[in-house]
Amino acid sequence: MAATTEAPVALKKNYLTALKEALDEEMQRNKLMLCQGEDIGRLGGAFGVTDGLQAKYGVDRVVDMPISEAAIIGSAVGMALNGMTVMAEMQFIDFISCGFDQIVNMMATYHYRTAGEVNIPVVVRGPAGAYGGGALYHSQMNEAWFCNSPGLKVVCPSTPYDAKGMLKAALRDGNPVIFYEIKELYRKREIEEELPTDDYIVPLGKAAVRREGTDVTLVSYGQNVYHCLEAAAELEKQGISAEVIDLRSLVPLDEETIFASIAKTSRVIVVNEAPMTCGFAGEVVARITTKAFHLLDAPPSRVTRMDTPVPWVKPLELHVLPSVEKIVNEAVRLVRF
Amino acid sequence: MSAKSGSATAERAEQRQGSRRPSESLTREECLELFKQLYLARYFDIRLIKEKKRGRLRGTLYSSHNQEAILVGSLFGLQPTDWISPIHRDMPAFFLKDIRAGWDNDNRIGMTIEEVCCQVWGKVGSPGRARDNWSHIGSKAKKIIHSTSMLAGTIPAAAGVTYADRLQGGNCVALTYNGEGSTAQGIFHEAINYAAVHKLPVITIIENNQWAYGTPTDLESPLEDFADRAKGYGIPGLIADGQDVFDVYDKVMEAVNHAREGKGPAIVECKTFRAYGHGDHDDDRAQKYRPAEEVEKGRQRDPIAVCRKRLIELGHLTGDAATSFMAEGKGASEATNDDFPPEVVAYLNKGIEAAIASPLPAAEEGAMWVFKENN
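Chains as they are written, first to last, in the working numbering: chain A, 1 to 337; chain B, 1 to 375.
It is worth saying that the hints were derived from the structure and are not from the lab. In this text, a Cβ means the ideal position worked out from N, Cα and C, and glycines have one as well. Mixed in with the good hints, there may be bad ones.
[Said to hold, decoys possible] Using C-beta positions, here's what the derived DEER-type ranges look like:
1. A:ARG287 with B:ASN349: 37 to 43 Å
2. A:SER97 with B:ALA322: 56 to 62 Å
3. A:GLY132 with B:GLY262: 25 to 31 Å
4. B:ARG54 with A:CYS278: 55 to 61 Å
5. B:GLY59 with A:ARG187: 40 to 46 Å
[What the hints assert, rightly or not] Just some of the chain B residues that point at chain A, by a computed CB distance under 7 Å:
6. GLY128
7. ASP132
8. THR148
9. SER333
10. ALA346
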């Protein structure tokens, strides 16, 4: 073979690979870290996020657990109490409800009730989100349950870069973190990107401006960020300039970036795929009306899932979920307000 | 003692028992120490009931009266590296844990009586600075898992603690305390099943006091013996006479030795009887949902009297010592300080004085420590 003088081809990585690299590197870095969940070892995870980790780190540090979400989370709390960092995988984030008590009463409150003696470095992560025909129990975004439980950080990356950097940040944070991954993004080719070869983190609590604009601010996270970007492209054709903010982190929330954008646009729509009533979009709107009312030229608005479960068959599913069209229509309405 | 600990149960327990019972190796001093710890647990309970009746305390007291032998007998065989996870009715466990090291030993690993009393009085000197009530305390440094109101909810944490310990080269065991009612919780099953799969050294103690608040055992489970739940996990299920501190010590030590050898978890059911209501708020109503004759019968075998009888048989208590201090199991209304060894009274008084002297937490603390600060 002839010696090559070509520059190395940049290898783009998908969202799932980014997550796997984060786990691998953190397990390498921290000997007191372990991973546990259903089918994460021999199988490598239902989606493959932990593929290969058990072969590398052994059955004691990559643990195949019984189908017992409460035990997965509760035992992680005990491990944290005794010096370890734990990644606890929910096979689907919907199943986190089976471990709900252990999260909100045990894990979330431990630091508080011990006045800081104990901290719980546990990351509960799992695939979330709709748009894939997962139906009622494989499509949820239940982040509001945990945003309403003081003591938990709640995050949701939308890009491979963020997925890796935020998972590493979460595992080093020292607080319990509920980590929402978007399963429809795991292998999405269009969002693959080159990742730094050096260690890096994306700090929790910082939003990203994904597109600059001057007429309306679209605030979102997870898969809906891409819907907002598509909507912004569509709006541009109509002469409307939309700014798109990816919150990335819900707790803590980066209000500063939201308010700075509204100072430019004076209009805002919060987009997320959870139901509207008591959803996180409502919290963002409340903060805006309380603290940034003077910046607004129109009432802050929401585009969310209808107050329904997520149905299975495609037309039904798309009917109840946020869409590019719904976002565009709402933006046009606000600009004309 | 309940009718449920009949001869068949005793026979089964006897079969599981090795040829030599661990308690037969206890020295006279150790036996007397066990006896004194029963008094200490009882005095703590009786004194707190009185303090509450005087209006000096807020919150609800969950009495350990008549169940002290379970706490004392189970804790007595532990090592300093072991973990415990007591619940609401086990408050003496928080300070009994390490009393074997000496009544005023600065190097003790259990909580001090001052810390526990500060918790009861809601003062800043308590672990967690009085941010949760009464028995909801614990200590990472002292290896006591913090209890919650979600019954059986700390068993998975105990399992996780031992998993982490084993991974780090340790050989600890963890004792969890649970009412028989909490065995109906899903988390009870999940946690023990998980511990059994990984052979984790977690001992689940079931304090079968016959009543889950206002519900009797036959409405809690179809099982006669709650130890039978162990069969479902493929682990040993032992039954102890919860009124006999030596029998509790024997059965728990058997389970502890089993666990420490890497053979995995066990369940130890201790048969006992709840002397009062679920909490002190419930004492009057308890007389309505519980037949008087059942209560009378359940209180007949007081753990202090049972222990005294045994010590006399062993020749460890003779003369005046055999008859002093609370010959009958007196309740809070009739017992006085004279019923208890002076060092027991002095020990608790020291804690109470510290609690009264300790300030209330500053109001601003209510909003602190939600998150670990990383800045």
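Outcome of the hint check:
no. : hint                               : verdict
1   : A:ARG287 with B:ASN349: 37 to 43 Å : violated, 53 Å
2   : A:SER97 with B:ALA322: 56 to 62 Å  : holds, 59 Å
3   : A:GLY132 with B:GLY262: 25 to 31 Å : violated, 45 Å
4   : B:ARG54 with A:CYS278: 55 to 61 Å  : violated, 45 Å
5   : B:GLY59 with A:ARG187: 40 to 46 Å  : violated, 54 Å
6   : GLY128                             : holds, 5 Å
7   : ASP132                             : holds, 5 Å
8   : THR148                             : holds, 6 Å
9   : SER333                             : violated, 34 Å
10  : ALA346                             : violated, 29 Å
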